[in-house]
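So the protein lines, in turn, are chains U and B. Numbering of the first sequence is given in the numbering used here, commencing with residue -13 and proceeding in unit increments. Numbering of the second sequence is given in the numbering used here, commencing with residue 595 and proceeding in unit increments.
Read the hints as simulated data drawn from the structure, not as lab findings. You may find that some hints are simply not true.
Here are some chain B residues the structure puts well away from chain U; computed CB gaps all over 12 Å [claimed, not checked]:
#1 Lys644
#2 Glu701
#3 Gly713
#4 Arg751
If you want the footprint, here are the derived chain B segments under chain U, 3+ residues with CB under 8 Å [claimed, not checked]:
#5 736 to 748
#6 758 to 766
Given the structure is predicted, the values throughout are model-derived calculations rather than measurements. Virtual Cβ for every residue (Gly too), placed ideally from N, Cα, C.
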Amino acid sequence: MSDKFSRRDFLKLAGVGAATTAVLTGCGPASRYVKREPYLQMPEYNYNGLSTFYATTCRECAAGCGLVVRTMQGRALKTEGNANNPLNLGKTCARGQATLHGLYNPNRVRGPIKHSRGDRLYETAADPFNDDFNDSEANMNWDDATQAVADVLKKYQPGEIAFLLGMAPDHLFDLVADLASATGINAPVRFGALSMFESRATLSQAAENLFGESGLPFFDVGGAQAVFSFGANFLETWLSPVSYTRGYAGLRQALTKMRGTLVQFESRMSSTAGKADEWLPIRPGTEAMVALAIGRLVSEKRGGTIPRAFADVEPADAAAASGIALETLEHLAETFASSGAPLAIPGGAALGQSNGLAVAEAVLALNALADNFGKPGGVFFSALAPNQASYQRPASAREMQEFVQKMADGKIKALFVHGVNPAFELPASLDFKNALKNVEQVISFATFPDETAVEADYVFPDHHGLESWGYQRVTTGSAQPVLSGAQPVVSPYYDTRATADVLITAAQLAGGNFASALPFKDEVEFIKSKVSNLMGEADGYFSAPDADTFMAYFQQYGGWWKTSDGRSTPNSAEALNRDLSGAESEFTGAGEFFFIPFVSPTLAEAGANKPWLQELPDPTTTVMWNTWVEMNPATALELGIEDDDVIRITSDAGVLEAPVYRYPAIRPDTIAMPFGQGHTAYGRYAENRGVNPVDLIGQHFNEAGDLAFAGMKVKIEKTGRKQLLSRLESIMGVYGVGLGQE
Amino acid sequence: MIDLKVTEIKMGEEHVGKWGMVIDQDMCTGCQACVAACAMENNITFVGEKDSGYGRSMHWIRIERFWQGEYPEIKMTPNQPMMCQQCGSATCEPVCPAFATVHSQAEQLNLQVYNRCVGTRYCANNCPYQVRSFNWRDYKRPEPLANQFNPDVTVRRRGVMEKCTFCIQRIHKAEDKAKSEGREVVDGEFTTACAQACPATAITFGRVDDPESLVSQLARRHGHGVKHLEELGTLPNVTYFKGG
């Protein structure tokens, strides 16, 4: 796009002038060049005091919710949900709201940088809240940066070049995948800590084992009458939190139907379990057995033959092993059996154990017993996005282990990293940082100065999500197939450049296969080539007479989706006719406590650098700005531990120290810790704050290759130190209780 | 059934509200989206770990949760979003020596006039809901964070009390627009930042004096609304459905 191209010219060309005066104004490519002006100076297209709204996609997690961003004078002021987008219907989560604190974060990578590995990307200061500390200056120009990428592409054999991308199946993934298939470089690997904690590989593997077809299951919580969740934290970060929260609201909606029940099996009460009618503090590792026992009790109540899947389990044994009384199991079975629309969901820590796959299978089998596949309130395969042929899941932890091993063995000589921070998100036991030393060239496209960027040779920063073009496939959460569209809502604040543009230009410079693989002028042309073929598809939310108009609508509405249901029904014919294992999981480590890491509902994997996310109280403990260890008050009393006492936790993979929060809703034999803090870089608000529980996780996997992150036992000891946690709850009506005396 | 419009006369006062909220605690998941949305809309500052530990965080809305019982029979009480209840007979108003916290007759809201406030904090001491927050310092928002400021909302400085305004800038914008088009504001035409963000639709905002508004309809359908600390005679304009 030429920068001489004004917005008005574009509108004339696209021929949708009338449509763009609507509130959800679609903006032409020229919006990229909207300049920030003093508030007194109004550009020609703006009325005094009126805002301009742009539809785009939230990039804070991989769900792909639609946003409408209010802007004024080239500044983004507020994000709201896009009411048209079927995934989130106008709603957002806290992270979507705080995305502006990423855009205007004081620590961003401001331009292309060549630096020595390990060097900081910004200066430190004594007090991050009152001292200024500046980002490193860019020391390259983009021409040299693009040439450097081209040189790397030419210098190494295709098999020695690898791309590590974020979890979201977006346009950049498509671009790199196209490049890879044309040139023979390694296919791009998608990974994120969320996919690790969600055990996505286990979910799709279990579906394949039971239904003979791989895919990401979608659980229709909204239509169900009784939801049995085995560890699935679907109101927090799981798969598509905004959509599942809407489902939860539907479950509880008591005005048009009976209010639905939620039963949660979890060793600690997550904020999802906090909303449950019944929370069952199950002994970790016995989830499969309990699911099968409930299945057996339900079948017995119904009479007839017991399906093979539930034949081998003895409910009394399950009760003894899990710590749930047999009467409770029977009453739960009664609830499940008598409900009009029962639904069972596997997820969270229940799958992150050595028997995680068996848990997922056993819980899916409960749905087979309820025969709820493809029915309202039941289980579906998620709708595939409009330009998607089959479900492509992110890499499992075992695949990441193999990837890191290839790096360590020197088989990967050039590594490109975008949209993920493996030096922070991967378990320390995989030793990503050491493996990185054997990679000759590491190029990071990080927007923020994260831990992986620090270990890179070059940092070629991509725009922030609100400054960039793109699209993202919605993998689950919406009944309709959705392709969420992204466009810049403000002009780039710094000298950053879209990674897709860098790769397209570098491929041209590299010539040969590379140039012919990406024959595009720029990122926008690439996106157009991928999106405009949707123009002729049936059931579209909108259609258009020509490609330019279609693209204008694509921007205006924030994507393209079908109006029809795209979910498919799993084939459950043989699901119950197989042996399922109810064996308990195996735990590694010698300690006396089960250790349950969970994703912080407010920070998730990449929220720690946004100050307002740090200041959001955790929904269950109300702790802000730090990491805590949850411990049952009875256990703490026995051990002589009080709130804020720092304890040392030792697993077979590492040691961490963190202050205790006496949490009344956790098993006495379990301790838990949120994931999200513990950064050693990533900007002033994230750095040196809390600890990272992945440092304790060893290389243990379940049968599907997902990390057995909850399959550990740990030792704890007192350190004698105190570290005062900042929390909201202590001030409610109580003055003088806080961080001690000033 | 609770009448949203007229709170029962207990203190010899009658109050006809205008704007009000209904909050379904059974829906609220405690996800904090409203808290973040409120902070972004209203230029609320963050205060950092130390000051928030002293209880100086500036949340205009917070999610309260309490515990019932002991392990293993423990339950979390339904999440309770708590913000300024925009009382019809507000305890914060009569104690302000500077008339900084005054009642708007036009909107039936409790206003906070920042440039009148001298920081006595009497209002916060007298608020039974503990929803007022005080700017103990000029908290630093390093560049370029200030680019995100909403130009419709005043940025407060040290020594000033602040609280939820029911997004009065949005109310005024909608009223101005309706006036210029020669009509009344339509129910649902705009909403507050918290209600707009809420993924569980637990928060609904609207006219309590209009029997056809969504808040009135919800109140009729639920029929078991509760006003907090009603016995104090504060005549709040926020109604809670305990749910379950």
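Hint check results:
no. : hint       : in the structure
1   : Lys644     : violated, 6 Å
2   : Glu701     : holds, 20 Å
3   : Gly713     : holds, 17 Å
4   : Arg751     : holds, 16 Å
5   : 736 to 748 : holds (count 10)
6   : 758 to 766 : violated (count 0)
Checked against the numbered hints above, the structure violates hints 1, 6; every other hint is satisfied.
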